[in-house]
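Asks: Chain order of the listed sequences is A and B. Every letter in the first sequence is one number past the one before it in UniProt numbering, and letter 149, counting from 1, is 149. Every letter in the second sequence is one number past the one before it in UniProt numbering, and letter 109, counting from 1, is 109.
The set of hints was computed from the structure by calculation and includes no laboratory data. There may be inaccurate statements among the hints.
[Said to hold, decoys possible] Think about it this way: if two alpha-carbon atoms lie no more than 27 Å apart in a straight line, the pair counts; the simulated DSSO-like pairs of lysine-lysine are:
(1) B:32 with B:76
(2) B:178 with B:225
(3) B:219 with B:178
(4) B:178 with B:32
(5) A:162 with B:64
(6) B:32 with B:225
(7) B:38 with B:64
(8) B:82 with A:197
(9) B:82 with A:162
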Amino acid sequence: MSESSLLKELVDALRCLPGIGSRTAQRMAFHLLENDRRSGERLADVMGRAMRDIKHCSRCRTLTEHDTCRICANPARQPQLLCVVEHPSDVVAVEQATGYRGYYFVLGGRLSPLDGIGPEDIGLDVLEARLDEGEVQELILATNPTVEGEVTAHYISELAAKRGIPASRIAHGVPMGSELEYVDSGTLSHAFEGRRKY
Amino acid sequence: MSPELSPAFILRRNPYRDTSLLLDMFTRDAGKITCVAKFGQGKNSRSKGMLEPFRQLDASWTGKGEVFTLFNAEEKRRFPLKAVGLVRAVYANELLLRALWQHQPQPELFAQYQQTLFRLENLADVLALPLFELDVLAMAGYVLNLWHDDAAGHDIEPAMRYRFRPDHGLYADVGEGKGVPISGNLLIALREPEAMNPDQRLELRHTLDYLIQMLLKGKTLNARKLFHE
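Using the sequences plus the hints, can you model the full thing?
Replies: And the structure:
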């Protein structure tokens, strides 16, 4: 590495990205400085604005630069359906893959008592206030099928039950195009339990 | 030569770098250990799915020091826990994580944990978790004498109030305020726990909360907030 401390700072800064080690960070920094300064400047500009302006939607807690996100601001969606997901990226995944037309609630994580993450850390007070508004008639629990995701789904289903709101859990099963031989026992047993009439 | 296999459970798993997991495990032969499990892409993700809590594994590991490398793991049995059964099992895992010392084999407690997971599959089994908590407390030296008070040796009287301190054992409550309060009625009921009535089970719950708080030097388990029993 050259003596430039600014260059070293850039490499160190790039290492904050997931999956980027020191060699890749160094390659990225040299590429931007030697071959593509315009893209580098654009990246710095967008990064600066995004970090400053993107915050959490006041209704669903997904990421947006507005007070309410595009989905929450859309009156044509079905207000009686609320889908609870762990992360903003899950909203994008459900939007792209399904025809779901209800609203979302983003927890920003999942209950993980072993890591000290409790109900107050994942916005459940905001979710309770949303349920108390009385519009939601079905709560769809789309947390991940991990131990923590299941614990979170169970806890939220109890919050819904207290208010007489039915909760449903997304199905877990064999991924499309995969082979049964390579599916783990938990998924396969869920798939059998959740089999449907053909 | 391959390292020897030991029955094991994962208590907690966390991502470690991009392609690894950091696993806190409860093994029969080495007690609580921490292992790193490395993964590639593709079909290896099957074993990644397997490395979850509440699955009994045959596992082997290599290395020295505090953190080992998982060498091999095969699933032997999956405990399909649901709803409050799953929450109770997460509580049991947190209790083991906090109460066990690293690298100290506890084969008897391992068998009790295995039995507890089996019982927790039945959501109506409200005694499985409290009995396991008593097992963990006993492992840590918190043994309640159900027949005599430890100070004077008198028989336990149902109408008497007692207190327990790990360094003193059980003694008659003379109002000095230290130690965990326990009624004679509960101690006698614990001789046949399966026959306890709802009031006695509630008192046991409060007593266990006190005892575990004492064991964990004033801390409460986070998972305790997730169930109301």
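Asks: Confirm or reject each hint.
Replies: Okay, the hints, checked on the actual structure:
Annotation: proposed proximity of residue 32 of chain B to residue 76 of chain B holds, straight-line Cα distance about 19 Å (limit 27 Å). Restraint check: the Cα-Cα separation between residue 178 of chain B and residue 225 of chain B comes to about 25 Å, which is no more than 27 Å; the hinted pair holds. Our distance criterion of 27 Å between C-alpha atoms is met by residue 219 of chain B and residue 178 of chain B, whose separation comes to about 17 Å. Our distance criterion of 27 Å between C-alpha atoms is broken by residue 178 of chain B and residue 32 of chain B, whose separation comes to about 32 Å.
With a CA separation close to 51 Å, the supplied pair residue 162 of chain A and residue 64 of chain B exceeds the 27 Å bound. Taking the CA atoms of residue 32 of chain B and residue 225 of chain B, the gap is about 25 Å. The hint holds against a cut of 27 Å. Restraint check for residue 38 of chain B and residue 64 of chain B: the C-alpha separation of about 17 Å stays at or below 27 Å, so the hint holds. Using a Cα cut-off of 27 Å, the hinted pair residue 82 of chain B and residue 197 of chain A holds, with the two alpha carbons roughly 24 Å apart.
The straight-line distance between the Cα atoms of residue 82 of chain B and residue 162 of chain A is roughly 19 Å, inside the 27 Å bound, and the hint therefore holds.
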